[in-house]
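A.B. asks: Using the sequences and the hints, build the whole thing.
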Amino acid sequence: IIFCARGPSNSPLACCWAFTTSRRSTSINQNLNGKTQQEILYQCQIFRCENQDAIYRILLSFSNAFRRTTNNPPSNARRTTSLISHAIQATVSQLQQQTSLNGSQSSATQQQMFDGAIKFRCFFDIKEENIDSKGNLTFNSVSRPEKNVFNLRKNHRKSVNVILQQIRGTPMNIDRCFGLLLAQGRNVRASDMQLLDLETMGKADDNRSYVVKGYWNPLSRAFKDLIHLNEETPKGARVFLTVGLDIVINGISEPVRFLIEAKARIIETGRSSDTASQDIGDTIWSSFKKVTQFTEEFDMIVKQVSPTSSHPDQIYEVVSLESKTEAERRSKLQRLSSTTRTNKTTGDDDESDEMIISGFGHVSKECDADVLNNWNEILMKWRKNYSERPSGLQNLVRKGVPEALRGEVWQLLAGSVTNEKEMIDTYRLLLTKESSSDRIIINDLNRTFPAHEYFKEQGGIGQESLYKLSRAYSVRDDEVGYCQGVSFVIATILIHMPEEQAFMLLCKLMEDERYLLREMYKANFENLQMKFYQLNCLIEEHLPDIYAHFYDLKVECHMFASQWFLTLFTAKFPLYLVFRIMDIFLYEVF
Amino acid sequence: MDNMYSYDYQFRLIVVGDSTVGKSSLLRSFCDGVFSQDPDPTVGVDFNVRIVEVKPGVKVKLQLWDTAGQERFRSITRAYYRNSVGVLLIYDTTNYVSFTHVTSWLNEARAQIQPYHSVFLLVGTKIDRESERQVTTEEGKAFADFHNISFIETSSKSSLYVQEAFTMIAREIYDMLTEGRIHVQSGWDGVKTGPKSANSNQSQPIEIAQNVQPRRNGCCSS
Chain X
1 IIFCARGPSN SPLACCWAFT TSRRSTSINQ NLNGKTQQEI LYQCQIFRCE
51 NQDAIYRILL SFSNAFRRTT NNPPSNARRT TSLISHAIQA TVSQLQQQTS
101 LNGSQSSATQ QQMFDGAIKF RCFFDIKEEN IDSKGNLTFN SVSRPEKNVF
151 NLRKNHRKSV NVILQQIRGT PMNIDRCFGL LLAQGRNVRA SDMQLLDLET
201 MGKADDNRSY VVKGYWNPLS RAFKDLIHLN EETPKGARVF LTVGLDIVIN
251 GISEPVRFLI EAKARIIETG RSSDTASQDI GDTIWSSFKK VTQFTEEFDM
301 IVKQVSPTSS HPDQIYEVVS LESKTEAERR SKLQRLSSTT RTNKTTGDDD
351 ESDEMIISGF GHVSKECDAD VLNNWNEILM KWRKNYSERP SGLQNLVRKG
401 VPEALRGEVW QLLAGSVTNE KEMIDTYRLL LTKESSSDRI IINDLNRTFP
451 AHEYFKEQGG IGQESLYKLS RAYSVRDDEV GYCQGVSFVI ATILIHMPEE
501 QAFMLLCKLM EDERYLLREM YKANFENLQM KFYQLNCLIE EHLPDIYAHF
551 YDLKVECHMF ASQWFLTLFT AKFPLYLVFR IMDIFLYEVF
Chain P
1 MDNMYSYDYQ FRLIVVGDST VGKSSLLRSF CDGVFSQDPD PTVGVDFNVR
51 IVEVKPGVKV KLQLWDTAGQ ERFRSITRAY YRNSVGVLLI YDTTNYVSFT
101 HVTSWLNEAR AQIQPYHSVF LLVGTKIDRE SERQVTTEEG KAFADFHNIS
151 FIETSSKSSL YVQEAFTMIA REIYDMLTEG RIHVQSGWDG VKTGPKSANS
201 NQSQPIEIAQ NVQPRRNGCC SS
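Here the protein sequences come in this chain order: X and P. Heads up, the first sequence is in this note's numbering, so the first residue is 1 and it goes up one at a time. Heads up, the second sequence is in this note's numbering, so the first residue is 1 and it goes up one at a time.
Hints were generated in silico from the structure; no laboratory data involved. Among these hints, one or two may not hold up.
Lysine-lysine pairs mimicking DSS-like chemistry, simulated, CA-CA at most 27 Å apart [to be verified]:
| # | chain 1 | residue 1 | chain 2 | residue 2 |
| --- | --- | --- | --- | --- |
| 1 | P | Lys55 | X | Lys572 |
| 2 | X | Lys235 | P | Lys61 |
| 3 | X | Lys127 | X | Lys235 |
| 4 | P | Lys157 | X | Lys554 |
| 5 | X | Lys263 | X | Lys127 |
| 6 | P | Lys157 | X | Lys154 |
| 7 | P | Lys141 | X | Lys235 |
| 8 | P | Lys157 | X | Lys421 |
| 9 | X | Lys147 | X | Lys324 |
| 10 | X | Lys235 | P | Lys55 |
| 11 | X | Lys399 | X | Lys572 |
| 12 | X | Lys263 | P | Lys157 |
| 13 | X | Lys147 | X | Lys127 |
| 14 | P | Lys59 | X | Lys235 |
| 15 | P | Lys59 | X | Lys154 |
| 16 | P | Lys61 | X | Lys554 |
| 17 | X | Lys154 | P | Lys141 |
| 18 | P | Lys61 | X | Lys154 |
| 19 | X | Lys433 | X | Lys324 |
| 20 | X | Lys365 | X | Lys224 |
| 21 | X | Lys147 | X | Lys235 |
| 22 | X | Lys456 | P | Lys55 |
| 23 | X | Lys224 | P | Lys157 |
| 24 | X | Lys263 | P | Lys141 |
| 25 | X | Lys421 | X | Lys365 |
Quick list of the computed label-pair ranges, beta carbon to beta carbon [to be verified]:
| # | chain 1 | residue 1 | chain 2 | residue 2 | range |
| --- | --- | --- | --- | --- | --- |
| 26 | X | Glu388 | P | Ala111 | 49 to 57 Å |
| 27 | P | Ser104 | X | Glu388 | 48 to 56 Å |
| 28 | P | Ser104 | X | Val371 | 50 to 58 Å |
| 29 | X | Phe123 | P | Ser104 | 32 to 40 Å |
Note that beta-carbon positions come from the ideal geometry of N, C-alpha and C, so glycine has one too.
C.D. replies: Following this line, the structure appears as structure tokens:
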């Protein structure tokens, strides 16, 4: 094959494609124009096919056939391959057009342009070893109570099957599987992944997908650390598992790792009769129920690069690879933290088992011009007279202080800007003194807002400020000292202003008679008990259903609310909410 | 009736020990099967529940009180000892100081729990960090033997012996209950009968699994 092309889309030739098998390649004028094709008809095979999908498959097999011929002079082979690739790419873009209704873009331009977006679909299944009534060993797919949850039996040997299929973009040829890995949990580190023994790998018969099978024996020593995956899962709970697939793709120098995330429930086998009957129930039902396959999709972006001396075969470089699950989680997190939709609760509780890390969530810095104007007016008045809160302020605060103004507004609300010089001197002096709570303060640094950029780095600038501030206050206030919980309040303030100003605001919060937080942190915690009582009354008054339910279950406020109060609601909520609560607290107090 | 929420007994346990020894992580690992590297410090108290089977057919609901390790919260946590039938004394096997403090935690618990009887379990944590170990298994064992309490070492990160630790203390309490050394008493929340058994024997102190031992009449004497 020295020539391969297809008719441009939006033309009568859209369903045609052609190639030539002539060996007298030098004399033939290569032209992608359909008209020329007809002129050189005697050398060319032209096909017409309404089904773009079929064209795609046929071209793909050509492409693969060419890659396999090694005795061709490499330069020729590569050129041919790229010709076929162009044809395939054109097909794919037509396929995309067929599927997308608003595909207004001409695919003729796409044909010339390389866009690096590639999509893979992946089918994932776990099979378990069974011995049937005749004593034969078979591997059967395990049951799945939910689409993404696998029922696994303890100590049973398993086979992990992954099928990878490209469904969009410039065709990539999968050369081989470099490794199949398994880990418990998700968001796992590479070092936590355990290599599975590869059973088989290779292209499926239809040549469109790549199949990898690995062998997982939970009892072998290599897997002894994956305890959650071979120990009975508590009732109602699920454990996460991650499967990694390292794939070598032609033209990409490094293996590409695809991470598939699933959940599992581990069942103790044959222990009690009801589990067994449940198993039978599952099996019976699964044959009737149409079991949808576990699928995952990956969006990969590649860019074209020139080969280097160390990687002469390199054509592409992977810019990004993200699974649909990751993408959804990311957008969910963004949605959760977008300031505009505070009232909307997410409908599915799929992620309810997610552990909340303090300091999470994005806070938008954007603000309406109108709102900003209103604030500007108010701030002008306010800056002239600190002691008096301008009228109309309450309304604005309740709607949320714009993030860009929070630092100043919080200080104004608390009135912490007075005696600035004196307070800064005090702060510097306090820093020179020793604190008896030093050890516990240091212990809390890593545990305060670890999800926030500013505080997550151990020994970083955020943690250092947090340490200094916590320490300075503990020295200043002998009676309260350092009380766990206060670090979250300090971190919330520190996000918005420099250390010295933060110290002044903290002192106001703790000592000013309007806020008097220090009362809550005092050794006997009587003030906290009072807050529990108040909360209980408020629940009774405003949420009678919950009150009744809690009463039935004997759930009392002290069982869940101490962290809420002692951190001023800063530890368990996304930051946009944390800051809103702080806005209101500073204005209206408890 | 016999659904997943029914249980025969409820035991209330309290988890104590120095700050950052891994009390909350142990509970998260046991109750939710998850592990997080740097969980929030517990301020005041926190609360977890899980049902375990102490022997086939006998379900016990464990009410687990997680406490703050910081010294200053003792005034809050102290109030929770009285209504607990079991105490998990936690230390960090990679932090010797936390081990030396176990004595004071034990003494405080004993003083607060009187006059009620309770069961203690000494738990060493973080054994996945073997290279950083500062307290040997023998030291832990010797301490437990000296005070005549049970002992186990765990790793919440790799979920090692976490399950076993809680089953161990639950079984021990259950055994004492069947032997009549601990009993259900009104005004004390350490042990309660579950809704399941409460239906069958309303006001009797305890009905112990019928096939094991004859019921002791002496169990109501104290």
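A.B. asks: So if I understand the rule, the pair passes when the alpha-carbon distance is 27 Å or less; does Lys263(X) with Lys141(P) pass?
C.D. replies: Violated, at about 38 Å.
A.B. asks: Does the structure keep Lys61(P) and Lys554(X) at a Cα separation of 27 Å or less?
C.D. replies: Status holds; Cα separation ~14 Å.
A.B. asks: Need the status of pair Lys433(X), Lys324(X): alpha-carbon distance at most 27 Å?
C.D. replies: violated, 53 Å
A.B. asks: Please work out if Lys224(X) and Lys157(P) have their alpha carbons no farther apart than 27 Å.
C.D. replies: Cα-Cα ~14 Å, so holds.
A.B. asks: Can the restraint linking Lys157(P) and Lys154(X) be considered satisfied, given a maximum Cα separation of 27 Å?
C.D. replies: Within the cut-off at roughly 20 Å; holds.
A.B. asks: If you draw a straight line from the CA of Lys235(X) to the CA of Lys55(P), is it 27 Å or shorter?
C.D. replies: Roughly 17 Å between the alpha carbons, so the hint for Lys235(X) and Lys55(P) holds.
A.B. asks: Taking 49 to 57 Å as the stated bounds, is the beta-carbon spacing between Glu388(X) and Ala111(P) within them?
C.D. replies: holds, 55 Å
A.B. asks: Could you grab the alpha-carbon distance between Lys421(X) and Lys365(X) and see if it respects the 27 Å cut-off?
C.D. replies: This hinted pair is violated, its Cα atoms lying about 30 Å apart.
A.B. asks: Straight-line Cα separation of Lys154(X) and Lys141(P) no greater than 27 Å?
C.D. replies: violated, 31 Å
A.B. asks: Checking one constraint from the list: CA of Lys61(P) to CA of Lys154(X), max 27 Å. Satisfied?
C.D. replies: Holds, because 25 Å separates the two Cα atoms, which is no more than 27 Å.
A.B. asks: Are the Cα positions of Lys59(P) and Lys154(X) separated by 27 Å at most?
C.D. replies: holds, 22 Å
A.B. asks: Quick check: does the Cβ-Cβ distance between Phe123(X) and Ser104(P) fall within 32 to 40 Å?
C.D. replies: Roughly 58 Å apart at Cβ, these two residues miss the hinted range, so it is violated.
In summary, the numbered hints that this structure violates are 1, 4, 7, 8, 17, 19, 20, 22, 24, 25 and 29.
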